[in-house]
Amino acid sequence: GNSVTQMEGPVTLSEEAFLTINCTYTATGYPSLFWYVQYPGEGLQLLLKATKADDKGSNKGFEATYRKETTSFHLEKGSVQVSDSAVYFCALGSNNDMRFGAGTRLTVKP
Amino acid sequence: NAGVTQTPKFRVLKTGQSMTLLCAQDMNHEYMYWYRQDPGMGLRLIHYSVGEGTTAKGEVPDGYNVSRLKKQNFLLGLESAAPSQTSVYFCASRYPTGYGYTFGSGTRLTVV
Chain B
1 GNSVTQMEGP VTLSEEAFLT INCTYTATGY PSLFWYVQYP GEGLQLLLKA TKADDKGSNK
61 GFEATYRKET TSFHLEKGSV QVSDSAVYFC ALGSNNDMRF GAGTRLTVKP
Chain X
1 NAGVTQTPKF RVLKTGQSMT LLCAQDMNHE YMYWYRQDPG MGLRLIHYSV GEGTTAKGEV
61 PDGYNVSRLK KQNFLLGLES AAPSQTSVYF CASRYPTGYG YTFGSGTRLT VV
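Chains B and X supply the protein sequences, listed in that same order. Read left to right, the first sequence gives residues 1 to 110 (our numbering). Read left to right, the second sequence gives residues 1 to 112 (our numbering).
Just so you know, these hints were derived from the structure itself, not from any lab. Heads up, a few of these hints could be off.
[To be verified] Computed cross-link-like contacts, SDA-like style, restricted to lysine to any residue with a CA-CA straight-line distance of at most 25 Å: (1) X/9 x B/102; (2) X/57 x X/28; (3) B/60 x X/70; (4) B/56 x X/52; (5) X/14 x X/70; (6) X/70 x X/52; (7) X/57 x B/26.
All chains, please: the whole structure from these sequences, using the hints.
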């Protein structure tokens, strides 16, 4: 079945550092891929998405490219801010449902 | 404000008690979902619905029941709560394929 494997955290970075959170997937067919962000005490919010191979999703300085050859969708940001501290979830969407990775907690220190 | 509303936000139950969690959305979404979130395990799908009057099992359906009598509402029931059901429950909804989900703010349930 469909599944997502996400880099385990926690990840701690200094402000303005480069961020990479790895995500790989296993799927049949042609799923869509997503990154969600969860701030403390809140639900998940869609950060970016890609619906087909080689698509790049981007939002708020974050980006991720749908790589079918490596079954990956790694999240990157060139310069993180304290306000980016949150839990990040990679997700795979198929016809009826979405499967989530375990989440990676990011803490950015000033 | 448009979105997904979950009630209640917090609840403590004794083992064996029953309760219903309510999810309401005002975006005319067809698909609705119930997930549970546990530390280190991400979100796991409990049940989902692809339209009014339909429901289907997800990854971890045991101990839960659901109903979708109206398009805007999706109810999650626990008939006899167990400590293993202590979790944060999230409801989500979406349009069909290719779109991301809109999540509610969650219900924190503790079973003692």
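Status of each hint after checking the structure:
{"no.": "1", "hint": "X/9 x B/102", "verdict": "holds, 23 Å"}
{"no.": "2", "hint": "X/57 x X/28", "verdict": "holds, 22 Å"}
{"no.": "3", "hint": "B/60 x X/70", "verdict": "violated, 36 Å"}
{"no.": "4", "hint": "B/56 x X/52", "verdict": "violated, 34 Å"}
{"no.": "5", "hint": "X/14 x X/70", "verdict": "violated, 30 Å"}
{"no.": "6", "hint": "X/70 x X/52", "verdict": "holds, 6 Å"}
{"no.": "7", "hint": "X/57 x B/26", "verdict": "holds, 21 Å"}
Violated hints, listed in ascending order, are 3, 4 and 5; each of the other numbered hints is respected by the structure.
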